[in-house]
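Engineer: If you read the sequences in order, they're chains A and B. The first sequence begins at 1384 in the numbering used here and counts up one residue at a time. The second sequence begins at 1392 in the numbering used here and counts up one residue at a time.
Think of the hints as simulated: they come from the structure by calculation, not from any bench. Honestly, I wouldn't trust all of these hints.
Computed Cβ-Cβ distance ranges for the label pairs, DEER-style [said to hold, decoys possible]:
hint, chain 1, residue 1, chain 2, residue 2, range
1, A, E1472, B, R1695, 23 to 33 Å
2, A, D1474, B, E1730, 34 to 44 Å
3, B, K1666, A, A1570, 54 to 64 Å
Using N, Cα and C, we set each Cβ at its ideal position, and we do this for glycine too.
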Amino acid sequence: MRSRRQLAGSMAIIMCFVLSALRPATIPRTYRITGQAQGTNYAITWYASRQSVTQAQIDSIFKSLDASLSIYKPGSLIGRFNESETGIEMDRHLAHVVEKSMQIYRQTGGLSDITVYPLVRAWGFGAKAADALPDSAAIRLLMPCVGSDKLKIKGSRLVKTVPCVQIDVNGIAQGYSVDVLARFLEAHGIGNYMVEVGGEIRTKGRKLPGEEPMKIGIETPSTTEFDAPAIREVITIGDGAVTTSGSYRKFRESGGMRLSHIIDPKTGFPVQREIISATVVAREAITADGFDNALLAAGIDGAFEILRTHPGMEAYLIYRKPDGAVADTASAGFARYVVKTGER
Amino acid sequence: MTQSRTRREFIATGLAAMAGAGLSAAFSPAFGHAVRPADRIRLGIIGTGSRGAGLATLIREMPDYELVACCDIIPENLQKGLSLAAKNAKGYTDYRKLLDDKSIDAVVIATPLYLHYPMAVAALQAGKHIYLEKSMTYDIPQAIDLVKKVKASGLVFQIGYQYRYYGLYHRVKEIMKENWLGKITHFECQYNRNSNWRFPVKDPKMERAINWRMYREYCGGPLSELCAHEIDVVNYLTDSRPVKVVGLGGINYWKDGRDTYDNIRTVYDYPNGVKASVTSVLSNAYNGYSIRILGDKATVEILRDKALIYPEITNNARGVVDGVTGATIAVATQGKGVEVKFGKAGEAELEPTVFALKDFAECVRNKKEPISNVETGRDGSIAIHMGNAAADTEKVQYWKPEYSA
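Extracted from the complex, chain B is given alone in its bound form (with noise of 0.2 Å):
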């Protein structure tokens, strides 16, 4: 974090003159707005990038909140930010001014992971719920003093993982509680795509700013900004965290100057010796997000919103006898794939991240604690720092006793 304050100042122009002065100030609990049930919630955006945009553009939708505020240093993600807006809504460059304002109840953060950090413990230093991105910290001691001082605060602290709260991965997990897989010993997952993941810069001076994903000074790379969801995703599944991990990296394909990885490929050790392969290659995209799960009875393959289950073929009752007289198996359903329900009948499908900032607002007005927090969080953000140093180090990292002392 230290090392280079200049260049991140730069990125962070609008915050410069405040960066870090809050952060060493000792920290003292506040207090959330109480949000009275038929109230909707007064929310501000910091970061109205592509994804805070893309929130903002669900949250205009949402009966629940009224989006009073937004902070971007970069004019035009501002103005696309206040044009979804409510008509009143303040727009600031400073995200310590947006927070200054006492009217607003919660604020979701979407900007890079390197601010996740200062600008989380300064909106629980401002009392404000937090709806945080993914990942959650850019290393591990910010998780770890993360969650003590989430803890110490009393406010609602969600963190963006919406997969948590999509009817799939609930499915998903109440098959594998099913025995439907039988017995479970490996995960796939690849977050893959065909493309070097830059967003056009008009000014090269505003290049490190808009494509911070190149550049390790501010993220993890495609294991923090992909393979996160994935990583997630098998902890939710497992009711764990890794215990260890193996990796290698390189960046072998878009040779552009960036320094983080354009491939890498982990194998995570889960408890039971449970294996979770995450993988994620900037160069092919055949089924770009997809996540396997390896039964002894059958296989699940989780695709963006649908999920395949391909049964073992065993032939087991063939051989003793000569014929088998039961329910009719339909055609359909041997050595293919049978997809899987879920949902209620006539429900609408949404967005998964519309279930999850609905379950925000129903944590900010009934005091809850969210599904995916700042715990879910710190062991995820702690396994892809693992899965990183694997890779940079070429050497196993295990999982230390005080991460989640």
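Just chain A, with the same shape it has in the complex (with noise of 0.2 Å):
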């Protein structure tokens, strides 16, 4: 019996010894956590060499990011501040997005405008599809509650001087998550990530172990809403952020027009501009997704005029020429990102 015990002993130092240079404690590999989440898909993609970050904490940042930024969710902030006659208290997600959105509002010449919400609604583009489409008496109607230097943000609450006032931060809201999600990723150790939510990104650091940069794809616009993506280019951001606004797959159709969903504060009407997708890079993806609608609202010349004045941007837009032909242009720091054209 002894002999046996001393046997199985050493068998477990043996076993042990094994296991542990099997135990890939110094090789990274590829962590991947998949979901939906504010109406879209998002994945999220580290190299490290443990798991630190679950589905479970990924999921509760979603959570706390709808209940104030949701105009889907009922009871959001979003909601309440839009119901509310004169204002709210911000909790930290609202204060910064609506802090952010007013600069952009400011630095794009009032084309980027949370307060667009009311015009939103009437296109049919909010939580609730409208039936008919609104003629330019009601689009009249709802000026005098456009224009968010309505807004006034009186220490930590955020104050309409029109009780009409409704604000919308869909345009720049997944953006700043995917900031949330990536300085989670950071604060638990994740040095080299890509963070994707419904086509925003974030990217630090390399491909581990192979140190391959990470690749993404610049979608071709689709003709359809649910069209798979084609890819038109391939980039690398290194470490920075990447977010896309295009009119083709969130529209709707009025006598054989496509009216986007992007709406231009200043008319009141859907943008109807050359440009069908603008793609911004940008330090954080809160800029990039910040900006991105208002390039495609400005035009050609309107998107370059405001990249000029703002370094520390970059854009890459498709647009449709006179003819119907679609045809790409870029700001002159974007070609550092390029690694591969796409078959056209």
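Fit chain to chain and form the complex, with the hints in mind.
Structural biologist: This is the structure in structure tokens:
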């Protein structure tokens, strides 16, 4: 008996040794968490030697973002602001997003404006689809409710100067969410990752163990709302964020015309511009996401004017030429990101 | 048509005396009444059974028409028709007497299939514009002959394939043209129900008159009475007609004395190898009416009053890159059906037949050829007969050049 126990003991020691040698403590591998949030898909990929982040943690982050920023979620903070007469106390999510939105509102000459929500609803792109299209009289009636100059931040309180002011941060919230998730990963010691929420992306570091750069495809505008993505350009951005705004996937059709879901806050009508897709690279996703709609609404010349006055941002624009053909153009600094041009 | 005259005469008691009288007579083109745009079209309905009365219910609400006459050999049906007609509308049991009324501009014919041809020919001779219920004719020679007679008449002749007038199908056709579905290779059509498909009969003598759908003497069974719509839809969506067809059918569930199939499954071959399976099963009602269009990019599933698109899941983009930036894809659109939007925002949803009847009025007033016309009707009817023949003979049936010469 004794000898057998001894044998078992030494076997256990050997097994431990073998197991610890096999344990990939030092060889990083790929971790991936995917799911659905904010009405779209998300994917978080990181390269590390252990799983330090769980799906439950990610889901709870989305929950806290939705409770603050979602116009679709009943009882959300933003919903309560929209229903209020004068305003509400903000939480840190809403405070950050509103502050950044108002900054971009000023920087884009009012083309990016979160107070467009009454117009968005009227055109049928709100939480509920509208039956009929509004006429210009209906839009005129809503215009006094539109304009970020009717918002004031007083401490942690967001105040509206007109009761009918309502905000919609959908144009920037996904970018912000990407930043929040990226910060969460970094706080858990992850330095090589890609965070993607509904086509808005932030990357840092490289793919391990091979040290390859992370490649991002820029989608070719599709003809339908559900087409699987096809790649037009492949870029790598190192440590930074890239977002895309396109009028090709979300639109209403009326009399053979496609109405963009991006509403021009100055006219009250859907943007009818030559740009069909605007991709912006910036340090933070909230910045890129905050500007991409504005570039789309500004048109080619207007977009380059905005880019010229805001260094630290590069853009790639796909547009329709007067003859209907699709073409693209980019800011000068964008070329350094491009690694491959896809099939056209 | 000839071997069972006595039974048919029994069915069509009211018209027995006149049967055949006008059919062999030389066809003389007649001129339809000119209907002024502001006038209501004076309409008669021949056959006010379930379908005819259904049409009368819709027509009653339409300012285009004044329903001034009804005809049916079954007293209850005639009464029902007249109750839906104008105040002083006349009732007939002999359709020829209805056609003799010179004040009638147009007729709806909603009778058992075997009566379509003789009634349509008589109506053309009487100079009436015609809305003839589907399917068009009992057999292939009648279909070919009716094309000639309608063309010679200069009258408006519409077949009751109302889906050609329904925004849902217009939108599906547009989507196909815009290549949303990619390369389309197959159609899968079914028109199923879980019932014996019979109407109650009080007097046993009336069995064949009321349940004419059960008997080959009067119609082509499920293919001509149910699947006809789907065959016409495939013809409409592909702008073509079948090249050949195979089929199997049987009476394996409702062994109740009927001689039309209670299940039939056919596969039609269209130009370029596109195949359309057309099925009717009378013992299962799951998704009773449905047409699936299979493309290499997506599937469209057409149901009664809606259509869904199911995109193919392709992950071509992944693998090449680690992530894709693009306009947000809604979760609801991935792997699940996306409802096809059609019609104008805020527009009232109407029974498709209302659109068909509106267009008929428009064609009568402006002497236009209907979208569902004698030639598309012929193509549908010939395809139906080919399908039944394929099942009857267990042999491939081919579209012969003389069918569409």
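Engineer: Next, verify each hint and record whether it holds.
Structural biologist: Right, here's what the structure says about each hint:
1. A beta carbon spacing of about 51 Å between A:E1472 and B:R1695 contradicts the range 23 to 33 Å that was offered as a hint.
2. The beta-carbon spacing between A:D1474 and B:E1730, approximately 36 Å, falls within the hinted interval of 34 to 44 Å.
3. Checking the proposed 54 to 64 Å range against B:K1666 and A:A1570 shows it holds: the Cβ atoms sit about 58 Å from each other.
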